[in-house]
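Engineer: Here is how the chains run, residue by residue.
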Amino acid sequence: MLKLEKRPQPSRLWTWVTPILAVVITMLAGGALFAALGQDPVEAISTIFWQPLFGEFAFYYRPQLLIKGAPLVLIAIGLSLGFRAGIWNIGAEGQYIVGALAGAGVGLAFYPTESWVIFPLMVLAGAIGGWVWGTIPALLKLKFGTNEILVSLMLVYVAEQLLAAMALGLMKNPEGRGFPGSRNFRQYESAHNAELITGTGMHWGVVAAMIAVILAYVLLSRHILGYHIRLAGQAPKAARFAGVRSARLILFCLGTSGALAGLAGMFEVSGPAGQVSIDFNVGYGFTAIIVAFLGRLHPLGILLAGTLLALTYIGGELAQSNMGLPAAAIQLFQGMLLFFLLAVDVLTNFRVRLSRPEVA
Amino acid sequence: MTGDLLTVSGLTKAYPGVVANDAVSFVIREGEVHALLGENGAGKSTLVKMIYGLVKPDSGVMTLRGAPYAPPDPHRARTSGVAMVFQHFSLFEAMNVAENVALGMENPPPLRDLAARIRDVSETYGLPLDPHRIVGDLSAGERQRVEIIRCLLQSPRLLIMDEPTSVLTPQEVGILFQTLRKLTAEGVAILYISHKLEEIRALCDHATILRQGRNVGTCVPRDTPARAMAEMMVGSAFAAPARTDREMGAVALEVADLSVAATGQFGTSLRAVTFAVRAGEVLGIGGVAGNGQDELLAALSGEMPVAAGAVRLWGEPIGQMGPAARRVLGLLTAPEERLGHAAAPDMSLTENAILTAAAREHLMHRGFLRWGAAEAFTRRIISAFDVRTPGPSTAARALSGGNLQKFVIGREVLQRPEVLVVNQPTWGVDAAAAAAIRQALLDLAAGGAAVICISQDLDELMEISDRFGALNEGRLSEIQSTHGLSVEAVGLMMGGAHGMEVAHV
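Chain order of the listed sequences is A and B.
Residue numbers for the first sequence follow my numbering, so the first one is 1 and each next one is one higher.
Residue numbers for the second sequence follow my numbering, so the first one is 1001 and each next one is one higher.
Please keep in mind that the hints were generated in silico from the structure rather than gathered at the bench.
Careful: at least some of the hints might be erroneous.
[Stated by the list, open to error] Simulated pairs of lysine-lysine, DSS-like, Cα-Cα distance not exceeding 25 Å: (1) LYS1196/B / LYS1182/B; (2) LYS1049/B / LYS6/A; (3) LYS1196/B / LYS1049/B; (4) LYS172/A / LYS6/A; (5) LYS1056/B / LYS6/A; (6) LYS1056/B / LYS3/A; (7) LYS3/A / LYS1049/B; (8) LYS237/A / LYS143/A.
[Stated by the list, open to error] Just so you have them, the derived chain B footprint on chain A, three or more residues with Cβ under 8 Å: (9) 219-225; (10) 228-235; (11) 240-250.
Glycine is no exception: its CB is placed at the ideal position from the N, C-alpha and C atoms.
Using the sequences and the hints given, assemble the complete structure.
Structural biologist: Structural data, given as structure tokens:
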């Protein structure tokens, strides 16, 4: 009989082994899934995890790793602050959209003026846009005690409608011959989030993600605010006793995660995506939740997890085009990853013991 | 009625890293009250859990009335005639007494019959209790009666009681003792766990003393001085707290007309609580648990903001200030609940030191934490208060209750408070450590601090406080000097009045 026994303190080793274990189990279960779909499991897994990095066309896919990883890491860092404090922002996708719209709006408003101030202003607008969208659930929670999970999630759908309205209306390219979508920022130098080093995929969003990782690390390990965030999540009553003001924490966490998601959206719309379009958002805001947990809500872990999830995005597209795997199979794959992670997580706090059923 | 009821011989139980019971042997006779004495961690709980079938011994045998006895689960123990009243009650607050009793029974009779039987038993044994009252409205003493009656309905031969008096007023203790004596007169044996030595001397016929899992001696409590028993428990002599005469200074903390609405459904509202403490004074606040102690501490710590003028520190109104601001001014507190309130379970001791000491001990600079300073402060707490732990990076939840309590009290005392409020400072702490904590509180007062000690341990309050008041249903009694205060007077102040009269047979 298997028995779980609570550890006196959480195991440090298992804290870091469980994500790796989860990835391995996901590969096995994913392989079984692909086999059930009639594909060669080994080939499928290697297409997703190996080809993008070391395959024939790696020169094309490697930069993609940064392009896809940057928004994931940027959003996940913000989410992890709230998750640590027990404040659940599920609506990063919406904050990502609104940040993109705000940033793009500022850029388009200046068209066709060329000036170096335009891009920094767009960055600022993107952050503010996301911050506003993230602060709405915070204020509603504080004023009326609403649940931030539901409100932030529902605001995603509001943001999607807003995006469609903008792409078809206000922000539509007047020279676009009636096609939906805004002007392309690639043709507007002052507002374009261009590659910083050609052929690497490195753009300002990647820089911002790196800075976010470092700042979050310093905040959580060195600053009293980070300490209060951790305290509030682990022992709310002790946090109140320590003098942590939960209202401030809620505003900070939801606001910051919103601003970072907004930044991610802004860098995406002005760079890799290039324009505001109806199908601009591809689910980074939701995948970032997986990234945050897979990275143990730790900034460095999130950096690694973001890279890994970016890999599944790229590998997934590759598997889709080369092997004809359905797109849903890849989402399933990502979902499995979170599932297995949560399942093996129990090993951090418990140890498994084999015990024979006791004879009466 | 002098036959051996339960013999325990060579009972051993080892857990990873610790031997909880090492070849423990003793005998309980029919109709006797047998005390089980020992410090925290001496193995008392493990021992009774084995007798009650909750834990299976590694080796050793028990016999019950001559027959081999090895209960695989509590159900079998109960059918063999062994019942247990736990220290922590397992009652549903929203249900009434009879419903709660029914939940613990194998084949509960219809509620109306059960209510009648509860009345019967409660009258027979002098335990006043109305079967139709909602448990949430009962005092701790009354809740305990529910548990006892639940046991008595099964007509047990052996009744195990774990620290039964820790939540009772002196009058309620009196009622309980009368009940227990009635039971023993009928031949029921009682295994009585406590560390209140005077009680054991008054009630028990024999005592078995455990230390570090071993049976280190037996005695007849009536003929043994309390001090001798304490030293057997600890294994060495220890100093009783010494009071020095001290000068009372100005009024440090003043609470005037403090009223606070109850927070939870079963919380207690504070009603017009008024008192003042002077520098150098120890004010003891007694009362049965759940009469507003937690609310009073929350109002003083700043967790629950109150009217500005209701709490004054050195004359300044601070009722609206939060905990951090009050700490900066010198008002420190230590709540009763150690894990989760006074300390964060999964955080290290160093992180838990930062919890309250960040500002006063300069453990941060412009918001940035100084981990080196925090660890040094933690080491100071560990050595000054003899906290037994591998080191400052140990998680708080890995410490035993008593050790964590020492850490929590030490953390506040070492911050040189001007006013210190503690709730149940020695709850669950062994005798030697309790004496050390009390001494630290007295030293603090001697150094010119004002100390408020909220406690349910009357002996403790009488030992250290200069003046005494009691909370009863959110009201604070008149504050009286502890000098020459009789136990009866204290009992009346605690408002033992409700449920005080013994039901008539």
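Engineer: Given the hinted pair LYS1196/B and LYS1049/B, is their Cα-Cα distance within 25 Å?
Structural biologist: Roughly 21 Å between the alpha carbons, so the hint for LYS1196/B and LYS1049/B holds.
Engineer: Below or equal to 25 Å on CA atoms is what counts here, so check LYS1056/B against LYS3/A.
Structural biologist: holds (16 Å)
Engineer: For the region 228-235 of chain A, count the residues whose Cβ lies under 8 Å from any Cβ of chain B; is that count three or more?
Structural biologist: Satisfied; 4 residues make the cut.
Engineer: Below or equal to 25 Å on CA atoms is what counts here, so check LYS3/A against LYS1049/B.
Structural biologist: OK: LYS3/A and LYS1049/B at ~20 Å, within 25 Å.
Engineer: For the pair supplied as a hint, LYS237/A and LYS143/A, confirm whether the alpha-carbon distance does not exceed 25 Å.
Structural biologist: Cα-Cα ~21 Å, so holds.
Engineer: Hey, LYS1056/B versus LYS6/A, does the alpha-carbon distance stay inside 25 Å?
Structural biologist: OK: LYS1056/B and LYS6/A at ~19 Å, within 25 Å.
Engineer: Starting from LYS1196/B, check that the Cα of LYS1182/B is at most 25 Å away, please.
Structural biologist: Answer holds: LYS1196/B to LYS1182/B is near 21 Å, not above 25 Å.
Engineer: Is it true that the CA of LYS172/A sits at most 25 Å from the CA of LYS6/A?
Structural biologist: violated (58 Å)
Engineer: Closer than 8 Å, Cβ to Cβ, for at least three residues: run that test on the region 240-250 of chain A against chain B and report holds or violated.
Structural biologist: Coverage by chain B holds for the region 240-250 of chain A (5 residues, Cβ < 8 Å).
Engineer: With a cut-off of 8 Å between beta carbons, are at least three residues of the region 219-225 of chain A near chain B?
Structural biologist: Since 4 is at least three, the answer is holds.
Engineer: Decide if the proposed pair is consistent with the structure: LYS1049/B and LYS6/A, CA atoms, cutoff 25 Å inclusive.
Structural biologist: holds (19 Å)
The structure shown violates just one earlier hint, number 4.
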